[in-house]
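These are the residues of each chain, in order.
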Amino acid sequence: DIQMTQSPSSLAASVGDRVTITCRASQDISNSLAWYQQKPGKAPNLLFYGSSKLDRGVPTRFSGSGSGTDFTLTISSLQSEDFATYYCQQYYSTPKTFGQGTKVEIK
Amino acid sequence: QVQLRESGPGLVKPSGTLSLTCAVSGGSISSDYWWSWVRQSPGKGLEWIGDIYHGGSTDYNPSLKSRVTMSLDKSKNHFSMRLRSVTAADTAVYYCARQGSNRSFDYWGQGTLLTVAS
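One line per chain: the protein sequences are A and B, in this order.
Using our numbering, you'd call the opening residue of the first sequence number 1 and step up by one each time.
Using our numbering, you'd call the opening residue of the second sequence number 1001 and step up by one each time.
Don't read these hints as lab results, they were simulated from the structure.
A few of these clues could be false.
Stated by the list, open to error - Lysine-lysine pairs mimicking DSS-like chemistry, simulated, CA-CA at most 30 Å apart: (1) K107(A) with K1074(B); (2) K1013(B) with K42(A); (3) K53(A) with K1013(B); (4) K42(A) with K1074(B).
Claimed, not checked - For each label pair, taking beta carbons as the anchor points, the in silico distance ranges come out as: (5) S1118(B) with R18(A): 44 to 52 Å; (6) S1075(B) with S9(A): 29 to 37 Å; (7) Y1053(B) with S14(A): 43 to 51 Å; (8) S1015(B) with S80(A): 44 to 52 Å; (9) Q100(A) with P1009(B): 26 to 34 Å; (10) S7(A) with S1075(B): 42 to 50 Å.
Said to hold, decoys possible - Going by beta-carbon spacing under 10 Å, a handful of chain A positions derived as facing chain B: (11) Q27; (12) D28; (13) A43; (14) F62; (15) F83; (16) Y87; (17) G101.
It should be emphasised that the depicted structure is a prediction, and the values quoted were computed from it without experimental measurement.
Cβ atoms here follow ideal geometry from the backbone N, Cα and C, with glycine treated the same way.
Let's have the full structure, built from the sequences with the hints guiding it.
So this is what it looks like as structure tokens:
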């Protein structure tokens, strides 16, 4: 199985801060990576697919990058509605696997 | 707008069989998509269970393959999952989802909590 490792596991930030979350795959997954945002009691919501392709309706303050084994999710200016947990997921091979999540909290 | 909605028993006894259904609205399960189940437990985070294609092909997580079966009911526009021989480790929120053409999960149900307990 391909292991997905996110860092950090949690972070505290203020509104307006730039936030970066990293995701590392245990082997090359090309750009077969998605990012999701999840708020408490809700299902995950797709932000990016193909590493950097923004899903419909996702604000442009979010950006994604990377290929191979190293990927990054960046929020350029954190807004109050962005406090949530973020997950990466590879769909390069079966079984599809998720990172353990990064919780973004209010400082 | 595609919407998915899970339904299930909420509580299943150990060694029993879990049956979940996902009703799809705003789109047809006969469309060229894969339909999926994902679960989330505090101990294991998000775990992909498996997919079923509109034509009936399946792809299961090897860790669950011996216990899981997925099916489609095109007349009701829903798909289902059965998980046999459940234990406390199967306690989780179960989500159904659609995989878009890019293979990411682009639509999700709201989730249904399944507890395994006697």
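* Hint numbers the structure violates, sorted upward? -> The structure conflicts with hints 1, 3, 6, 11, 12, 14 and 15, although it agrees with all the remaining ones.
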